[in-house]
Amino acid sequence: MPENAARIAPVIPAREWLQPLPPAARFILHAEAEARALAARVWQVPLSEKPLRAHVQGTRASLWLGPDEYLLLASSPADASPDAAIALADALEAAIGAVPHALVDVSHRQVAIDIRGPHAEAILNGACPLDLDIAEFPIGMCTRTVFAKADIILWRTAAQNFHVEFWRSYADYVTGLLGVIARDY
Amino acid sequence: MSAFRTPAGGRVDRSRPVSFSFDGRIYSGFAGDTLAAALLAEGVHLVGRSFKYHRPRGILAAGAEEPNGLVTVRRDAARVTPNLRITQVELYDGLVASSQNRWPSLTQDFGRINDLLSRFFPAGFYYKTFMWPRRAWKALYEPVIRRAAGLGEAPTEPDPDRYAQRYAHCDVLVVGAGPAGLAAALAAAQAGARVILCDEQSEFGGSLLSDPAAVIDGVGAAQWTADAVAALAQNPRVISLPRTTAFGYFPHNFVGLNERLTDHLARPDDDAARERLWQVRARTVVLATGALERPLVFPGNDRPGILLAGAAQTYLNRYGVKVGSVAVLVTATDAAYGAALDLHAAGVTIAAIADLRPNPKGLLPERARAAGIEIISAASVLGTQGDLRVASIDLATQAAGADLKFVKRVACDVVLMSGGYNPSVHLFSQSRGKLTWSEAHLAFIPGTSAERELSAGAARGIYGLAAALEDGHAAGAAAAAPAAPAAIDRAAGAQPSRRFAVNVAPVACEAYLGALPTAAAPAKDKAFVDWQHDVTTRDLALATREGFRSIEHVKRYTTTGMATDQGKTSNLNALAIVAKTLGVPIPQVGLTSFRMPYTPTSFGSFAGASRGDLFDPLRKTPIHSWAETQGAVFEPVALWTRARYFPRAGESMHAAVARECLAVRERCGIFDASTLGKIEIVGGGAAEFLNRLYINSWTYLGVGKSRYGILLRDDGFVYDDGVVARLAPDRFHVTTTTGGAPRVLAMMEDYRQTEWSDLEVWLTSTTEQWAVIAVQGPEARHVLETLVEGLDISAAAFPHMSVAHGRICGVPMLLFRVSFSGELGYEVNVPADYGRAVWEAIYAAGQAFGITAYGTETMHVLRAEKGYIIVGQDTDGTMTPDDAGLSWAIGKTKADFVGKRSLQRASMNAPTRKQLVGLRTRDPKIVLEEGAQITASPGQQPPMQLLGHVTSSYYSAALKSSIALGVVAGGRARLGQTLYVPMPRGDIAVEVTSPVFYDPTGARINA
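Protein chains in written order, with our numbering: chain A, 1 to 185; chain B, 1 to 1007.
Calculated from the structure, these hints are not laboratory results. Accuracy of the hints is not assured; some may be wrong.
[To be verified] Just the calculated beta-carbon pair ranges, DEER-fashion:
hint	chain 1	residue 1	chain 2	residue 2	range
1	B	Thr-786	A	Gly-66	42 to 48 Å
2	A	Glu-49	B	His-800	44 to 50 Å
3	A	Ala-78	B	His-800	37 to 43 Å
4	B	Asn-1006	A	Gly-66	49 to 55 Å
5	A	Ala-78	B	Thr-893	46 to 52 Å
6	B	Asp-714	A	Val-42	39 to 45 Å
7	A	Glu-49	B	Ala-795	50 to 56 Å
8	A	Pro-67	B	Arg-972	47 to 53 Å
9	B	Ala-154	A	Val-56	50 to 56 Å
10	B	Arg-237	A	Val-56	48 to 54 Å
11	B	Arg-611	A	Pro-67	49 to 55 Å
[What the hints assert, rightly or not] Chain B regions said to be covered by chain A (calculated; three or more residues, Cβ under 8 Å):
hint	segment
12	165-179
13	202-209
14	606-613
15	619-628
16	805-814
The C-beta atom is built at its ideal place from N, Cα and C for all residues, glycine as well.
So that you can see chain B by itself, here it is in the shape it has in the complex (with noise of 0.2 Å):
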């Protein structure tokens, strides 16, 4: 048995010993515990030093407060958890857990020395001492004190966990499962309400598994939870969630929860998801969050074995450990008395209690008297000694008007401190209710909500058990009933919907706020404010004697609540301390707010399934399993992956591009062009939809042809390109660029729907219905004539820009003549099931033709060779259809289209904007880079005066040259001159050009 283990109680499994190691050492608990408190049973307070000062921490709370027992707790190389709360770590057989921020151990630390030096770190220091040489920042500062940071380390393998997700809805959310939130669960579950219940911590009950003396209606407190989990636990229609963190909460009852599944378990199953993420969607939330206990702030009282009384408590009746063996209490409320007089009864000396009231009385400071135990009121406490454990207290006294008196030192090795209750209102804050401060409470307390929550118990500063329960009980049945917001804000003193008897009288719950007397001479020691960021009084001080005055500029100066703990403990005596500093109520002070998430949450959580192969969507073609037993290498383009180019063995890139090409231009290509947006526009009002919509004109376009067309934006800039063909007089087939599918079907609802009503046209993507095959070469003709039926696709009867329904390979089939290539070129449409047959039939029938499958880069180069533009590479949402050379679209005669008036200002027509021209380097081997810039003379030196850039180039195998196009201010007007690329070595010569380098009449076009 543990040294500080009591022989008998708890809620630890006696039976289940549990071995464990901790910095190296080999420990033993019981199944049951939490780190803490297994360590606490075998005498161990010192698990951590602190943030800057590297002072010795030992163990303050019982619960997600804790400010100083952060640790890291290691499963393999991958799973490498830190900063895990020592007090929320669930024990199991092998546990291996160790400490941070020490080196080389926790009882010999180096970087205590920042202790002694504490005088040159001031808070702001950052500020005030990095400044200057800039760049020493980067190189020097920010590693330094990135590594003096050190709260723990991340894993550097990826995580080999899962991690589910889940949305859930209910009728009633209660979040917290003591006292209040269970009997809020009760009463909603029996109104028949859907309900989800979640607590953070590994069994529900909260403050009840710290009160086993308590009785409830005639059960004692751990029959009473166990009945109530069970009742709920049968209802088909409650969900209840232990060791389950309500995080954060989102607006309209949207409430982030995150389940812990198996970071509990020694050998958690290996498919097992680690962490389960619900967002719920509740029609009313409860929170029955409880309260936290408040420290308080005196010389000295970071020293491992000063710890809250409440901790205390709960480390002896729920997990049967004494923290100590001579403790003293230091208090401000009645409440804390239990502490002392449970840990008395197990055998503690009780040594003193320091009460801060002048005049303690009441059931529990009478029975502390009755037990022998010296009271000293009007207590004040002037430091602590021991190094790394308290070993003694200095107590003081200070009679009405008069100074602070040392009393005496007292010998013990753990003091329990109480400075009342902080109600846990961090959800609430999150959800936007408004906070009131409470002069009673000495505390801010829910007041009006913001959502349809209720806040029950502690967490709205109704203490006592009895009260806890009711209250509860009357939040969840008014959460249950279907009645509107307004209706159930339970009046102050109603009548409660169900009575609860329970043995203990309500206990006063007084406050203390800000730091304790201190003596005329200041103390040698730090009056700690913020555990976790080392904050003390001082720093506060030196925050409003520089001039800070709201709390938020206080936060950030001095980053007191701004560790990952968020201040649970330290945000109301910084609070208080400022208050008094500068005069005013607290209230004026203001309240930072509470900000999610309320403890920390993993990544992976929040990741889910989105990883890997399931981050995004990987949208494939019907042809795409073809490409791949080909050998094609892919690339992404919006969610899609295409088919890049198709080496042959050992080629490279390069030279696989440059063979598709010539295949291209010399034979017949076959390239998968499914990707392509189609959005199918019918009804009578087709038409106009498009002429109001396009820059081209759309009336006069015959049944069985197409067009070029060009969509703006209303600010006249080119938005998206594509080909329109007209299927019938009220039916237009559309195609827009891959990636600008989503986006153009979006703005074409919007313009149909909100501006243009008065047409009788619909709109709906095809872009999937149809697998789509381009043949593009002077064989093309020759390669389809085999396979297409009931149609006559001859130059004569099928020229340029011709669509006709027609089958092939028994498929229903739409082809169209269109050329994205410059050659002469089909695209074969077939519903999509058939695309991978049908792309076979004709990739085999195009063998005695010299078919080339050719790929997206191929395509690229092939259009670039003709000048044809690719929207979003060769635009960038700054260029009208002239800029681009594409003004002959616009339809003269049109009354409007959208971007029509843009057009009009005389900025847009100005001859100084970009155009779109050629680029020919003297070099023909020499690539430009896309994005690079252009001068108009070499040799110049920053700021150099920049006439615009390369946005396409490649090297054309057909020309047996670099092309490349690019947008230069008055581009047009300086065709034959040579600018120039400024590039790291040199700048290099280009010729402006036509950006049509290959077949500018369009012969082959139209073979």
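Isolated chain A, as found in the complex (with noise of 0.2 Å):
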């Protein structure tokens, strides 16, 4: 029997500004009202029922990304591995059971990065054409957005943190452009 194969993240180098993620469990899920409230008990995490918000609890995240859709995250080192990603889909499943929903493992498809300091806003900014004002955009405020050519989602964890997911291929992109706009602040 050949051992196991090793696991190769995106490489991101960090910055002092920029705090790579580490690998998560990350599921899509579609789901209407009744559906969400099985998922929430499992997930231990309310979804959202107010557009562009997440929640957040310990190292489980569920985040609106749109009425019937929600990334949930769970970032504790013990979920990260594609077992543990199969043993939480299947709990989320048994609990849903039949009420109408989609549930699709998502956990390598995208990475995540946490852009911090005073200049996270500037910095994001810079690609991202939305306000970032802590306002308009307050802590625990999340969505799907662009950072130059770049699909992102962009979620607001603190006053000078955010965190940013994107598809594995981007990683390049985005934090190479991250990059050049940082020399600047």
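Put the complex together from the two separate chains, hints included.
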């Protein structure tokens, strides 16, 4: 029996204003209210009924992406393996049962970084057209948006912290562009 | 001290002398000078040659409207910037600038012959002269005209500088930081608004910088400005941007600002961005863009030394520069008297004031008279003299009802002129605001706003310091309020939000439009309307004589207002001249639109970081790094970079591909298919969703099975294809083409959300969740058997088109038995982070079976040998499933699918449609050109009768022959026929065959 394959995530160097986030279990859950309530019980995090809002509880989070679409995150190291993701999915499926929904594992589809520090807003606004003023984009707000030509998910986790997710093949592009923009800050 | 520098005064830093060169000569100036100011201090007016006639030209203005002084500034070979306005180039030590459009030099310019021959170059002469012979246009006329047009040269080396970009939002964007703009920003900031204030100049203050004697609320203009700037700087909710031009006003209050960061520095930091593009979304925009002084149109009005009166005042008061020794003022307004009086006080002789009005009176004319300055009323100008600088001016007067009468020739070295002011409505017009003709201003002023926008101060014709401050303050306060747009319309004469006490009385700002009255005998010299494009009164008269009525047509025929200055100084005079010639009121002639950018904006600013590797995302698969270590040659496929082939040392592409192809046919190949689009379709309605979408039938596809699916657009033409697998009764895994993935998902979402909301089904892209490793070839099973866990992949247990979950190398796996090569094949899907390790494990295990890595080129050859199409290569958006030989895939019993009705049209079933066929050249060594046309008979002359074209063509190592796919009219009925591919070296005979060249029974795929 061959030994277990090594896990190699896209390489993202840390910077003062950028912290690459470790692998996590990720799911896209499409669900109406009834299924959402069932899922939230297992996930132990409410699924926001308010648009563009995330909830977080320990290492678990849920991000509103659309009227029936959520990103579920489990960032504990124990949840990061593919087998853990399968177990998490099984638990969610068991809880939601026959209530219509769609749960898809996207743990490896995207990667995440934390953009942090006093210039976090300005750096992101180098290629993201949204108003990131804390009054307009408060802590807990999340959305799908663009960073130049890449689609990203943007979630403000603290006054000076933004959790940014993007598809893995865009890592060089997004972090390369961030690096150029950050030279001014 | 330079000859024309005043002993004191101005805002330049006299403790910091600066040395610079212009056309190779070294001059000196002071920090704070513009290039124009420093040259004028040295007595230099001649700075350019005109565009068409190469007439000597001097500095006309002091700001962005400068039409004559276009210079090239060179830092090094790669940093050469042409067409900079000399009035906006800030001086730094070591600045190297040169004039343009002259040879060999400014003083002795060969092109001046154009001026003498000018009667051969009337307006529209391009259109009249260069019509024929037609072929001379490309070879002769265009190159010569382009060279003659000579507005500087673009640098030939790549731009080494960095350009930053930033999006920003604010409650109030204030454009222009003169008195109105500063008051607006202060009022808005005081109300707690988020404010961005920008101004194109190096420092805030606008007209206050040229008016040091003004006192506002008991504080001198300089101090008041400094206090305002400091107050704004201390407010964290205000962004102040000097050297920042608002160049474009886009819909919904989206305004483009270009900030110049380093062009004014002698030694910019290597890492510093040169410019920054701000893309600002503002709740309300306050346009405090001021007004531009209007020149006067009279014969010889373009001689160096003739400039705008306000510009002369700015050079004196802001830069401490006298523009000459003996001046004549030609004016239509009281306001310009201020310039003459200031120059007089500084020791410049005012030889005469020629006032166009019959009876100039008022505060300033009286002061001029008191100073002993001669005023000629009801004046006009008959001409000027002087070679490279004005030397004298011929003044005339006109009693009521009488002819123009020559008064005298006045010697001078500068002429100041003022025809009043044009409110700077460029951005207002760009915002689609409706301009109104104001008879009082003889100008267009902002009328109805289209956006949530307020013009303030001189930009809307409100002149005078106190009035501008109050108007700006009111605009800023209104803009900061969260009121609805209608509510922030300020009624005329409304109570100001704040009073400002100033020490200067309001001055009448009268205006004059069009050409000055001329003598009965036409003047010999030209009277210029558009300095930068060399358009004269005669050109405009000619255009109207030749039948042009609309100003839009006159503009294009004469090119007036079409230069880089966009007619900032010329448009209204041109309009008035055309209106007068046609005998209609000005508003009836119309107004040409103001276009962005307000001033030329560098490409670098628009490009920002989008250059080189960051121009587009360069998507790479998890296995990319392995391919790099193997020396793969890559090719772009959509945004992906894919391994094309893996050459061994010294191997050509042809040899490498032949080796890779044979390896797959004889042993085993490994291929990175991770870029394939993948969509997971989940829900109770998933099968029905696919039934409605794809031409195939999915109801009876069993769990653990897959099928080749074809997707049409509603017009019935093939849009995409791929394998669809059923993972569970309510869960499908759909693959798409690499390039088609985003548009297929978008189309599916469109139908799901708008047409079939009755279905419980959802879509999730999983393209990047999985790394996909294709293992293809007779030995593929042997290779994988050693690695796959928990799954029987024998031919009996796991036949062609099977799909199952399993494990490989300790990782969960989704395994497909599919083949795009025609051989026994598998596609191993593993979570992407494990792609490279699993690939390497398979590659290592495959060594015993001769495994060979292959790229997209080999993949293309293998599939062509099998007659498998590539959507977008063998189809072109006009092929039905039947055209592509795929009608077998249509679910015959299905009630409907996307495109079904279109397929029922008679023309979609015509036997003469182009159909996919195979093509074999008679000479097997000849590989056809993809895209080559196909004819029925050899030796045809144009127009040929074309039957179709070659879509795919390769050399097949397995068949030891070239093969090609093509589309041919009625192709399937032509099997066995000989057709011809006409090429430059003769026709190539081809035989029409089945598109399946290799293993037509499919025995190998089912092995």
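Structure-based check of all given hints:
1. B/Thr-786 / A/Gly-66: 42 to 48 Å: At 44 Å between Cβs, range holds.
2. A/Glu-49 / B/His-800: 44 to 50 Å: holds (48 Å)
3. A/Ala-78 / B/His-800: 37 to 43 Å: For B/His-800 against A/Ala-78, whose Cβ atoms are near 40 Å apart, the range 37 to 43 Å holds.
4. B/Asn-1006 / A/Gly-66: 49 to 55 Å: violated (43 Å)
5. A/Ala-78 / B/Thr-893: 46 to 52 Å: Distance hint for A/Ala-78, B/Thr-893 holds at roughly 50 Å.
6. B/Asp-714 / A/Val-42: 39 to 45 Å: holds (41 Å)
7. A/Glu-49 / B/Ala-795: 50 to 56 Å: holds (53 Å)
8. A/Pro-67 / B/Arg-972: 47 to 53 Å: holds (49 Å)
9. B/Ala-154 / A/Val-56: 50 to 56 Å: holds (53 Å)
10. B/Arg-237 / A/Val-56: 48 to 54 Å: Taking Cβ atoms as reference, B/Arg-237 and A/Val-56 lie about 29 Å apart, which means the hint is violated.
11. B/Arg-611 / A/Pro-67: 49 to 55 Å: violated (39 Å)
12. 165-179: Result for this restraint: holds, n = 5.
13. 202-209: With 0 residues closer than 8 Å to chain A, the segment 202-209 of chain B misses the three-residue bar; violated.
14. 606-613: holds (count 3)
15. 619-628: holds (count 4)
16. 805-814: With 5 residues in contact (Cβ-Cβ under 8 Å with chain A), the coverage given for the segment 805-814 of chain B holds.
Going through the hint list in order, the structure does not satisfy hints 4, 10, 11 and 13.
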